[in-house]
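Mind docking these for me? Both chains are given alone in their own frames, and the hints should help you get the complex.
Protein chains in written order, with this note's numbering: chain X, -6 to 560; chain H, 3 to 326.
Bear in mind the hints are in silico, worked out from the structure with no lab data behind them. Bear in mind the structure is a predicted one, so any value in this text is a computation, not a measurement. Each hint should be verified, as a subset may be incorrect.
[As the list claims (entries may be wrong)] According to the in silico footprint, chain H covers these stretches of chain X (three or more CB under 8 Å from chain H):
| hint | segment |
| --- | --- |
| 1 | 46 to 52 |
| 2 | 133 to 142 |
| 3 | 208 to 222 |
| 4 | 225 to 238 |
| 5 | 264 to 270 |
| 6 | 423 to 436 |
| 7 | 468 to 478 |
Where a beta carbon is used, it is the ideal one built from N, C-alpha and C, also for glycine.
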Amino acid sequence: MRNIIKLNKRFMTALVRGSAITLLFVSSVTHASEFWTPALMEKHKGGTLQLVARSAAGTIDPQINYTSEFWQIYQFVYDGLVAFKKGPGNAGSELVPDLAVALPMAKSSGKTYVFKLRKGIKFSNGQPVTVSDVVASFQRIFKVSSPTSGTFYNNIVGADKCLKTPATCTLAGGVVADATAGTITFHLTQPDSEFFDKLALPHAAILPASTPDKDAGTTPIPGTGPYMIANYNPNTEMKIVRNPYFKQWSVDAQPIGYVDAMVYHFGLTDEAEVTEVENGQADWMFDQPPTDRLGEIGTRYAKQVHVSPLEAIWYAPMNTRLAPFNNVKARQALSYAINRKAVVNLFGGPRLGEPSCQILPPGFPGYEPYCPYTKNPGATWSAPNMAKAKQLVQESGTAGEKVTLIVEDTAVSRAIGTYLQSVLNELGYQASVKAISPNIEFTYIQNTKNKVQISLTQWYQDYPAASDFLNVLFSCDAFHPGSDSSVNISGFCDPKIDVQMQHAMKVAITDLATANKLWAKIDKQVTEQAPAAILFNPKHIDFVSSRVGNYMYSSQRHWVMSQAWVK
Amino acid sequence: MLGIVLGRLGHMFFVMLGISIIVFLIFFATPGSDPAARIAGRNASPETLIAVRTSFGLDKPLPVQYAILMKKLFVTRDLTSFVNRGQEVIPEVLQAAPVTLSLVTGAAVIWMVLGVGIGLLSAATRGSVLDRVLMALGLIGISMPVYWVGEILNLLSQSRLHDTVLFSWVPALGYHSFASNPLTWFQGLVIPWVTLAVMYIGLYGRVLRANLIEAMQEDYIRTARAKGLSETRILLHHALRTSLITLVTLFGLDFGALVGGAAVLTEVVFGLPGIGKLTYDALQNLDLPVIMATVIYGSFFVVMANAAVDLLYVVLDPRVRRDD
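Only chain H is shown next, with the shape it has when bound in the complex (with noise of 0.2 Å):
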């Protein structure tokens, strides 16, 4: 076990030194992106500029500016960027992830329920019109991008049906931190959590039907059968404990990346400030210690999702155990 924590540790020690050299590299490679004109401000004369190139030690070599970015992300953690001055990359960070993780865990409360709810729903009723109807549905919601779902939520809620009954209880766009009004915070946050799950919703449903209709065809299924247990027994207690291995699969993935910022769209869309938001605006802005702290962030969270998810087969599944 200690062996495999180890090897966890050692694989996102590299998966997160290469992303963070890549970045690095990428940046300094970008025409233009020299930041120090950009610090100095606009119309600064060459003395300026050169004191402000000085002072930010942007006339190092790029080993050194590599070596002393990670040093103050790592070690004194006094990473500032280059954009908003005198904030503090680290604290940034730390403040933008409850956003993201109120955001992510919300949807995923959602689309996880709702997923596996249509998805045993419609491998029970496999072929009827409910199973036709939801699977259209499913397909629906995958194929319907995030952004243009929040639009047009935001049209409706925000703009033309605000002041109605149906919306008129939703708070202006933006993040309303739980500590002042939990009430807000909820209110804030349920438009932008079905924004994100409804493409989750489709695809867990969809996969989970698959794998309940291939695992009902399984020797073990048909064991349980001549024991003489209930369908449902069968469907629930057996199919579908070894056919959510591929939804916690895709749910560590899924969660970790969208943890780590890939919930994006959603976050511009609705105004919240996560990780998202930030990387977003960063990266509008060549903002590379900003940059720099949610990639190293946000791989962070995939690889952990994957250990995790390794982890969670071993409890699902039997065999697993038995192979190791």
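Just chain X, with the same shape it has in the complex (with noise of 0.2 Å):
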């Protein structure tokens, strides 16, 4: 997933940031029982929560909006059948059963799936929940179009027939109800190991079988969390009240939330949100505070603040089929000289990103650090190799030719741009920037039509899953030419690799732990054959205002709402 916060921070000099920043780190309490008991609900009931953000981010329609603003929103909104745990840092990425009873086992070697539903369940209109609301959601996924139906839902038997005609979409025999057991069975076309994962995003919310066939836009579905959006406006404001039907029937999948209600605002720049966040006009803001605020609300608010690792990586995807990059020592020769630090300071700074060479993030499954990209090639990034990578110009014989790389047009990318202009031109290439819009640039640089030779971007996880880093962005099947959604934006295609990837996929469904070995070697060899230069991971700042207690992050959505109090 790409994140759609836009870093449009103004560039200030590491050195000042890195002395005036005194941010800190999410606490280590790990259990999500800590954060949500009787005693602290009797005590901090209550009260209202003020959010700001620039914009908002689209519709509101659950199984289409695919943005990280809404997401953490819809994780006390919308249940499925399985979700992320509500806890803190890692404990946030453990799968719990929901709606479900239970986490099922998986039968006809991993083909088949039983669940049973929970009983006495209603959503926010009254209605209870069925099995059928269960089959009616899984059917609409594909009859709106939603994002993920072709990538995520569509080993689903019946998928395939869904993706060719939505609007007629049954699932007949890939999802099956009886309402007598109160149990939907679902059948796989193949073994998925990330089934659950996929059942516990948004896409897969179970929503009232009532719900029109199209996206809901601005008006509000009724979900079964502890909230419930009573309207919304894109260009002014979300408000967000209790469900009156909810009872808490699990508090690792859905507790109670301290607030009675929140309120969304949309339409402020950055300045303005850091300053009704330092007033106590809004106790926070979506949109990362700008660079240059860092250095005030690092002194000033330093208890207000909240640094946590993200899991996602900044990269700059070389085109593996253009000239220079489509010779492997070009690309080797661009990752090995570029300073990481440097990126790292143009970003804000060392407390901010992680430098890194591999494609997998810290803490990741598969992960094992990795860097051959170095002074001293080992485990971690420590220096460039300048002397490396000119010679490997050199030999890969590219040295002279132009080079265009696209940038977002924020502070922070243009900034980073300019830099990778300088390494470029540097190893003897004749390097421009081409900075376009923040909305548009994925799109451009994702079609082969565009012959983008380099650029750079971000991806954040849509789960815990190694996959969805190397399948997404480095397998066959994710390059589509000519196409503005071809995710593998390098073209990267290694037959070797696409068949250890689907053999990865295979182990993880029996022995994760195996998989996970083999994900951590692919991702060596992904990031041997650098389809990408990997920069950094960076990290996500959280500013809220004194009012608000009981911070928990969550490494799946960040900051949990749902657990803040304000009283």
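Okay, structure coming up:
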């Protein structure tokens, strides 16, 4: 997933910031139960959270919206059969049963799953949740052409027909309900080790069967979480209130929220957002604070700042099908030459980013520290190796070629772009930088018709599985020439690595540990082929007002607002 | 008179048609602007992309797409945004219009009153220290970019001096609707009004002063003087009336353009969800339906304001009436 946080932050020297910022790290509490107890609830219930963001994130249809901005809201508005635990840090990546009674064991070698639905759960309109709602919800994923219908849910039996003719989608034989037993059976065309992860995403939210088969747009759809969206206007605000029919069934999956309501205001600049939080007019800002305000919030409001690791990469995909980067030595040369420390400083300093040169982010399944593109190759990046880089360019015979780098038209991206341009020039290329609107850059660089040689972009996890980086970004299947939706931007396709990826996904069904070892190997192999220069893993900043308590950061959906209190 | 009105309407129609075609073509000529992939969402499969392309009519030839867009905008009035899917564009514009009108009308009152006041005072005290000071202040007002003034006022009223007596009355940024609380509406708009008015006060003051001084040399003023009228009366009743013509022309153009969305920088700085902000956001997101709706709305206001100015000429200047 690409995060929609737009980092158009002003550039400031890292030295100044490095010394000025005394940002706090998230607390080391590891149990969800320490954030929610009946006693705490009694004490802190009530009040309204005021949230602000520069802009809204489009439709509020949970099966269509694909932005971290609203997924953060959906975590306490909608439920799937399965959920990521509402727990701090990495506990937030654990899968727990949500609307289903338990996580079922796989049958028929990983191709069949039987879920039993909990009884007594109601939607926010008062209707009970039934197995037919579950079936209808899965049909709806296809009927509304959900963004991931063809990539995440395409191995449910009958999905191929649904993708071809969405309007008549039945998923017959794929999702089967048994009303008397209260079960829903999923049949897959092939085993899928990430099936539960995909069921825990908002696109697989269980909605009333009566929900229209079109994008709900700005009309809220009833959900089952402790809160519901009361109304939404993308130009002004979203009002979130308690779901009157909510009864807590699992603290791990969906605890009751502390505040009575939340108001999400849209339309302020980043600067104004920071000021509002400082003034206590707002309790939290969605956008990352501009870098020129970090010093001030880090010193004067240090207690209100939370910095947390993000499972994400900033990277420069190189087109493996266009000169000069169709030559592996040219790609490796750039990877050797980049001073990742300098790039991190341009992003906001060492507190906000960690240099990296491998694809998987730290702590991710399959992650084993690995960096070949550094002075002393080993586990971590230490310094650029310019001599090696220049030698590789010589060997590749690509010196002197023209290279155009495409970046987003934001302060940070432009600054990093200019730095990369200088590196390319030093390597002997004739480099230029083209900055285009952040809203179209990602689709622009994906399309082969635009003949993009190299670009700068980011990738944020959808769910904790190595394939969400390696398979999604670098598999042959993810390359669609001529399409604006070809997420394998480098056009990298190595049949041998592809076979290994398929194998790892199969192994993961029965043996996750072994599979993750395989992914670690694949990570190394792809990194060695250098289809992209990995730059760093960014960190996430939450700046909250002084009245916000019980801050919980989950690796999956970031700040869990339902667990915060203002009283 | 009917002829003039019909002529004006025809004029307006052609301006709007021309603008809409140009905007539409520029949109599709922009690389990467094809909305299908953005509508379909990241990581969409080719099948999903095709389904979305068809459902939004993006697979049809451009002239057909243009016609459909116009039909949805004017006939069925159910044009929806590409970005905030499901949001109908016309209600969006209608909701933004009162915000812009509140901002621009308030600012217009300030700049007209102060602009005319300064112009009159300067002209009456021509050559004096007061005249020089006023004109210098006017020039400073014109020279300060509106977004800078806005940000500085924000910095003072929302941040540095927010907790002092001076600015503790200023509510949070954003629009506070008149219906829910007229006082907060007023308090929230005072600073944006001043910000937007600053430049125009200087401009109008300087223009009016020059016009008044020129008018005071005219024959009809000499006649008035010969009749024994007081200087104040001559200035206010004779010179000001004809000098206002230039001001009315300027006002018509400025007011029309601002209501049409030209107050964008002020709206962005103060987080006011008006027409300018709507257009700005739509351009940022390349949201074609909203861009089309706002530029057509904007051009409508510019043409309307021009027509109103022409009619005001007739009221203000007897010579125009004679020419007719």
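Against the structure, the hints:
Counting residues of the segment 46 to 52 of chain X whose beta-carbon sits less than 8 Å from any beta-carbon of chain H gives 4, enough to reach three: the coverage restraint holds. Only when three residues or more bring their CB closer than 8 Å to a CB of chain H does the claim for the segment 133 to 142 of chain X stand; here the count is 5, and the claim holds. By the rule of at least three residues with a Cβ nearer than 8 Å to a Cβ of chain H, the coverage given for the segment 208 to 222 of chain X holds, with 5 such residues. Restraint check on the segment 225 to 238 of chain X versus chain H: 4 residues with Cβ-Cβ distances below 8 Å, three needed, restraint holds.
Residues of the segment 264 to 270 of chain X lying with their CB closer than 8 Å to a CB of chain H number 4, which satisfies the three-residue condition for coverage. Coverage of the segment 423 to 436 of chain X by chain H holds. Counting CB-CB distances below 8 Å, 7 residues qualify, and the rule asks for three or more. As drawn, the segment 468 to 478 of chain X meets chain H at 4 residues by the rule of a beta-carbon pair under 8 Å; at three or more, the given contact holds.
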